[in-house]
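Model the full structure from these sequences, guided by the hints.
Quick mapping for you: the protein sequence lines, in order, are chains A and B. If you read the first sequence in my numbering, its first letter stands for residue 1, the second for the next number, and so on. If you read the second sequence in my numbering, its first letter stands for residue 1, the second for the next number, and so on.
In short, the hints are calculated from the structure, not lab data. On a predicted model such as this, the values are computed, not experimentally measured, just so you know. Note that beta-carbon positions come from the ideal geometry of N, C-alpha and C, so glycine has one too. Treat the hints loosely; a few may be bogus.
[Claimed, not checked] Here are some chain B residues the structure puts well away from chain A; computed CB gaps all over 12 Å:
no. : residue
1   : Ala-71
2   : Val-72
3   : Arg-88
4   : Leu-93
5   : Thr-109
6   : Asn-117
7   : Pro-153
8   : Ala-158
9   : Ala-172
10  : Glu-207
11  : Asp-237
12  : Gly-246
[What the hints assert, rightly or not] Partial chain B-side listing against chain A, Cβ under 7 Å, derived:
no. : residue
13  : Gly-28
14  : Gly-32
15  : Thr-188
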Amino acid sequence: MPRGMVTIDKERCKGCGLCIAACPHQVLAYSGQLNRSGYNVVYAENPEACVGCAFCALTCPDVAIEVYREKITT
Amino acid sequence: MPTDLDNMVKVFSRPKSLTDVRSTYCPGCQHGILTRIIGQTIDELEIAERTVIIAPVGCSVFAYLWYRCDAVQVAHGRASAVATGIKRADPKLIVLSYQGDGDFASIGTAESIHAANRGENITVIFVNNQVYGMTGGEMAPTSLVGQKTTTTPGGRDAALFGYPIRFSEMIAQLDAPVYVTRQALYDTKRIIDTTKAIKKAFTNQVEGKGYSLVEVLSTCPTNWHMKPVEASKHIADVVTKVYPLGDLVDRG
Chain A
1 MPRGMVTIDK ERCKGCGLCI AACPHQVLAY SGQLNRSGYN VVYAENPEAC
51 VGCAFCALTC PDVAIEVYRE KITT
Chain B
1 MPTDLDNMVK VFSRPKSLTD VRSTYCPGCQ HGILTRIIGQ TIDELEIAER
51 TVIIAPVGCS VFAYLWYRCD AVQVAHGRAS AVATGIKRAD PKLIVLSYQG
101 DGDFASIGTA ESIHAANRGE NITVIFVNNQ VYGMTGGEMA PTSLVGQKTT
151 TTPGGRDAAL FGYPIRFSEM IAQLDAPVYV TRQALYDTKR IIDTTKAIKK
201 AFTNQVEGKG YSLVEVLSTC PTNWHMKPVE ASKHIADVVT KVYPLGDLVD
251 RG
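Structure follows, in structure tokens:
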């Protein structure tokens with residue numbers, strides 16, 4: 001399984017939680033931190049579990065998530 | 001966590017044809033997912049230079065701020081009519097009429113049906129969230145029987161207000177439209193299906209095939225008084241029983 005990584009734009013996140021529900025590996029959770037708009041933003045709680053499937057990014061209505069995946073070297 | 005970015009490839013980023021402006025949608029509103037899908041499709045087809053987006057009246061009224069392409073904000077319900085005018089004036093342009101259910105299926109009924117019946121070579125995205133979102137959650141013609149809205153506080157009573165209108169099925173009866181489909185966004189599979197449908201609707205226009213309509217079942221967590229995840233589940237469990245998903249016409 002390749003390793004992945006997500007970056008979340010805190011100021012874009014509106015804390016709707018759709019990405020938390022979409023993630024098949026329970027990577028994401030609410031951080032308890034508020035952004036400038038007052039939303040409880042999401043962060044990667046278990047980043048080591050991320051495989052870079054991008055389900056979170058496909059679901060994010062605010063396009064706040066970018067996804068990276070490990071290069072496969074043979 | 002792998003922090004070494006050199007060894008990582010970016011597999012998902014913000015579409016280039018979206019601006020940096022933050023959307024005005026409520027948290028969890030699936031209009032935002034559609035905005036991203038449209039941006040991605042415009043990128044993939046490389047049509048940003050000649051795309052014109054028609055922003056309707058409704059929650060998506062500010063759509064002209066979010067795309068790096070031309071846009072017009074039009075009178076309530078008239079998006080399909082303005083799209084017709086723009087397309088006929090310059091057929092090289094790719095015209096997207098982006099409309100909600102109050103706009104497309106209520107106030108703009110005449111314009112919507114006749115643009116479809118003439119088989120205008122345009123792409124229409126019809127976002128059906130069964131409520132008038134922007135004005136405060138009033139009943140729309142697409143509201144479900146029993147649905148509580150600010151104008152039907154006891155639930156929509158079919159004897160008084162009629163039944164939810166299946167607009168795509170009406171348009172599918174016409175001879176002209178080449179592609180009519182109904183999609184949803186409640187899980188990853190549906191999001192991917194919707195992406196494919198929207199790409200097809202744009203491709204039909206680029207190839208000059210004619211009128212394409214993509215109806216998308218969307219949530220309104222604010223006016224449904226549900227959490228975003230609950231609202232997605234409501235679409236899957238309840239709304240799709242009234243509005244079945246799938247292609248209704250595909251003459252492409």
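Minimum Cβ distance from Gly-32/B to chain A below 7 Å?
holds, 3 Å
With 12 Å as the threshold, tell me whether Gly-246/B passes as away from chain A on beta-carbon distances.
holds, 21 Å
Are all beta-carbon distances from Asp-237/B to chain A longer than 12 Å?
holds, 15 Å
Would you say Ala-158/B is clear of chain A, with no C-beta pair closer than or equal to 12 Å?
holds, 32 Å
Non-interface claim for Asn-117/B, where every Cβ of chain A lies beyond 12 Å
holds, 33 Å
Beyond 12 Å from every chain A Cβ - status for Ala-71/B
At roughly 18 Å from the nearest Cβ of chain A, Ala-71/B sits farther out than 12 Å, so the non-interface label holds.
Given as non-interface: Leu-93/B, partner chain A, CB spacing beyond 12 Å:
Fine: 25 Å to the nearest Cβ keeps Leu-93/B off the interface.
Status of Glu-207/B, Cβ more than 12 Å from any chain A Cβ
holds, 27 Å
Verify this label for me: Val-72/B is non-interface relative to chain A, using a Cβ-Cβ cutoff of 12 Å.
holds, 23 Å
At a threshold of 7 Å, is the proposed contact between Thr-188/B and chain A supported by beta-carbon distances?
holds, 5 Å
Least C-beta distance from Thr-109/B to chain A larger than 12 Å:
Answer for Thr-109/B: holds, closest chain A Cβ roughly 28 Å.
Non-interface claim for Pro-153/B versus chain A (Cβ beyond 12 Å):
Its Cβ never comes within 12 Å of chain A, the nearest being 26 Å, so this holds.
The structure is consistent with each of the numbered hints, conforming to all of them.
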